[in-house]
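Chemist: So you can see what is in the structure, the chains are spelled out below.
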Amino acid sequence: MLLLIAFGILSAVALVSGVMVITRRNAVHSVIWLIVALFAVGGIFLLQHAEFLFAVQIILYVGGIMVLFLFVVMLVNLDVALKQAQFSRQWQLGLFTAVLVFAQLGYVIYKLGSGMSLPAQPASPAPAHNTQAIGQALYQTYMLPVEIASLLLLVAMVGAVIMAKRKFE
Amino acid sequence: MIPTEYYILLGSCLFTIGVIGVLTRRNVLVILMSIELILNAVNINLVALSQYFHSVDGQVFAIFVITDAAAEAAVGLGLIIALFRNKETVNADEIDLLKW
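If you read the protein sequences in the order shown, they are chains A and B. The first sequence begins at 1 in my numbering and counts up one residue at a time. The second sequence begins at 1 in my numbering and counts up one residue at a time.
Honestly, the hints are just simulated from the structure, not real lab data. Even for Gly, the Cβ is constructed at its ideal location relative to N, Cα and C. Do not take every clue at face value.
Simulated coverage check for chain B against chain A, where a stretch passes if three residues somewhere in it have a Cβ under 8 Å from a Cβ of chain A [as the list claims (entries may be wrong)]:
| hint | stretch |
| --- | --- |
| 1 | 7-19 |
| 2 | 33-44 |
| 3 | 47-56 |
| 4 | 59-68 |
| 5 | 71-78 |
| 6 | 87-97 |
DSS-like mimics (lysine-lysine), calculated; alpha carbons at most 27 Å apart, straight line [said to hold, decoys possible]:
| hint | chain 1 | residue 1 | chain 2 | residue 2 |
| --- | --- | --- | --- | --- |
| 7 | A | Lys165 | B | Lys99 |
| 8 | A | Lys83 | B | Lys87 |
| 9 | B | Lys99 | B | Lys87 |
| 10 | A | Lys111 | B | Lys99 |
| 11 | B | Lys99 | A | Lys83 |
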């Protein structure tokens, strides 16, 4: 019961701040609301005993990516943009498409609730130590993907530096 | 114990909010932030199902998604800075150089 209340509060915070992100006029406010949403999602990870992902979410997302976002928003913040229209010309079509996507997802979840259910849970118990289990999976089963991910980060770093450089020479 | 369906429903609601943001906003920065929202919705689903199946694979996958989000944010923000330097705008519908 207590878990359910915590889940309700966290998901309400995540959804409301998600809506705030896409409706605020000032991009700095959007970033702040996105940080709130990310904290709420981190809380939901904690609720599911994914402690390692919670830590990663706070350190990497809130501490890393969002600070990067804030810097860039302040770098390119235009006072002119605040007074212009905030939504693109095809916003009706966009909204319609998004509602269509949600209807599809909602239909599948409704089916999940009635009749067509998830596959049965395995009998084996959940791993007791979350971080240890993730570390073992990352460095044993998923060793090659980890290497590929590190290569991806290197490429992204070089790409970001080259694109943000002042001039090509 | 919270039913897994609740998490999946929350994930799809957050996903839809992100899709609305991507499709309707003009500011490129807000579009990038909406993409982060979408990736978080996916992570909620991955973690919920990994917990349901007593397997850690979904959480490992969520870590890879976060890695990709970091790479995407770095490259995307670099692109936005380059774009702003050349065109003095961050509006998605004024960036139509490739449009015939």
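Chemist: Which of the listed hints are not met by the structure?
Modeler: Going through the list in order, the structure violates hint 10 alone and respects the others.
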